[in-house]
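> Chain residues, written in single-letter form:
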Amino acid sequence: MFGLGGTLKPTQCHPCHGRDTSHCPQCPTWLSPVCVCAQFFTGWWIMIDAAVVYPKPEQLNHAFHTCGVFSTLAFFMINAVSNAQVRGDSYSDGCLGRTGKLTLQVLLRGSFTCWVFPLFLSADTNVYPGLAVFFQNALIFFSTLIYKFGRTEELWG
Amino acid sequence: MRGPALRRGLPMEAEGSKHYARVCTGRTLISLSFGGAVGLMFLMLGCALPQYNQYWPLFVLFFYILSPIPYCIARRLVDDTDATSNACKELAIFLTTGIVVSAFGLPIVFARAELIYWGACALVLTGNTVIFATILGFFLVFGSNDDFSWQQW
Numbered sequence: 001m002f003g004l005g006g007t008l009k010p011t012q013c014h015p016c017h018g019r020d021t022s023h024c025p026q027c028p029t030w031l032s033p034v035c036v037c038a039q040f041f042t043g044w045w046i047m048i049d050a051a052v053v054y055p056k057p058e059q060l061n062h063a064f065h066t067c068g069v070f071s072t073l074a075f076f077m078i079n080a081v082s083n084a085q086v087r088g089d090s091y092s093d094g095c096l097g098r099t100g101k102l103t104l105q106v107l108l109r110g111s112f113t114c115w116v117f118p119l120f121l122s123a124d125t126n127v128y129p130g131l132a133v134f135f136q137n138a139l140i141f142f143s144t145l146i147y148k149f150g151r152t153e154e155l156w157g
Numbered sequence: 001m002r003g004p005a006l007r008r009g010l011p012m013e014a015e016g017s018k019h020y021a022r023v024c025t026g027r028t029l030i031s032l033s034f035g036g037a038v039g040l041m042f043l044m045l046g047c048a049l050p051q052y053n054q055y056w057p058l059f060v061l062f063f064y065i066l067s068p069i070p071y072c073i074a075r076r077l078v079d080d081t082d083a084t085s086n087a088c089k090e091l092a093i094f095l096t097t098g099i100v101v102s103a104f105g106l107p108i109v110f111a112r113a114e115l116i117y118w119g120a121c122a123l124v125l126t127g128n129t130v131i132f133a134t135i136l137g138f139f140l141v142f143g144s145n146d147d148f149s150w151q152q153w
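Chains as they are written, first to last, in the working numbering: chain A, 1 to 157; chain B, 1 to 153.
Be a bit skeptical, because a hint or two may be false.
What the hints assert, rightly or not - If you only want the chain A side, here are some residues facing chain B, beta carbon under 7 Å, derived:
id, residue
1, 34
2, 37
3, 38
4, 52
5, 53
6, 54
7, 128
Because the hints were derived from the structure by calculation, they are not lab data. Predicted, not measured: the structure shown is a model, and the values here were computed from it. Think of the CB as a built atom: it goes at the ideal place given N, C-alpha and C, for glycine as much as any other residue.
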């Protein structure tokens with residue numbers, strides 16, 4: 001589920017404008033997953049903080065926790081679909097096949113909706129609970145994007 | 001007739017380098033132990049000082065104990081020639097990062113909930129930093145040795 005591994009490599013090297021990036025400094029292999037996972041968990045702790053400071057439903061409606069739950073489910077399910085399956089390069093269909101692309105689209109749009117949905121709610125005098133929901137889902141959404149599209153897959157280790 | 005350079009089947013240079021490695025390892029181990037003690041000292045100061053006197057931050061000890069476990073399990077299970085080894089390593093990184101972030105988030109949430117003072121929170125966060133740096137140093141220095149080789153079992 002956690003992808004097929006990969007390193008965060010620079011896509012271009014401006015001094016040479018060529019394809020040979022072997023002389024460019026490479027990011028450590030572990031840096032990208034650590035930053036993304038830290039972002040993901042920071043989002044959740046922001047929401048936990050808001051829930052602790054504003055425990056009453058009038059201040060922070062408990063229904064807003066579902067946005068974070070669905071964003072988290074989207075994070076796990078998006079990473080369960082490999083980029084090769086989305087492009088159609090995979091030799092085996094697996095359990096998703098061509099529906100992998102559709103699943104990815106649905107989950108990304110759902111995660112984005114969970115992120116922007118709180119913006120359209122009526123603002124109360126206390127804005128921190130709304131901001132907490134917004135930033136939780138923003139962090140989870142961007143961590144999903146970076147984890148999914150910000151690395152290169154290495155199928156064979 | 002063997003020369004004086006050979007003793008117990010080893011040349012003198014190899015024995016000297018082994019002794020030097022043992023001394024360095026001993027000093028590193030002592031330094032890491034000292035770091036761990038300092039980290040725990042900060043944690044206990046954040047709990048036991050008379051002006052704070054709240055022991056809620058001791059819950060971060062669970063995170064200290066849990067943090068090396070995913071990496072240790074992944075190292076035992078991983079086979080570098082296998083394609084799934086990257087998934088196993090990344091799962092270990094995911095869980096370890098979650099545990100570390102939670103260890104920093106918990107004292108902050110305690111302080112926000114007014115269970116502990118912000119001064120105690122700062123002491124606990126300092127202790128967290130020292131302890132996790134110690135654990136990281138331990139794995140960097142001693143983790144490269146394959147102490148869990150099959151021969152030892």
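> Would you mind marking each hint as holding or not holding in the structure?
Against the structure, the hints come out as follows:
{"no.": "1", "hint": "34", "in the structure": "holds (5 Å)"}
{"no.": "2", "hint": "37", "in the structure": "holds (4 Å)"}
{"no.": "3", "hint": "38", "in the structure": "holds (5 Å)"}
{"no.": "4", "hint": "52", "in the structure": "holds (5 Å)"}
{"no.": "5", "hint": "53", "in the structure": "holds (5 Å)"}
{"no.": "6", "hint": "54", "in the structure": "violated (10 Å)"}
{"no.": "7", "hint": "128", "in the structure": "violated (11 Å)"}
Hints 6, 7 from the list above are not met by this structure, while the remaining hints are.
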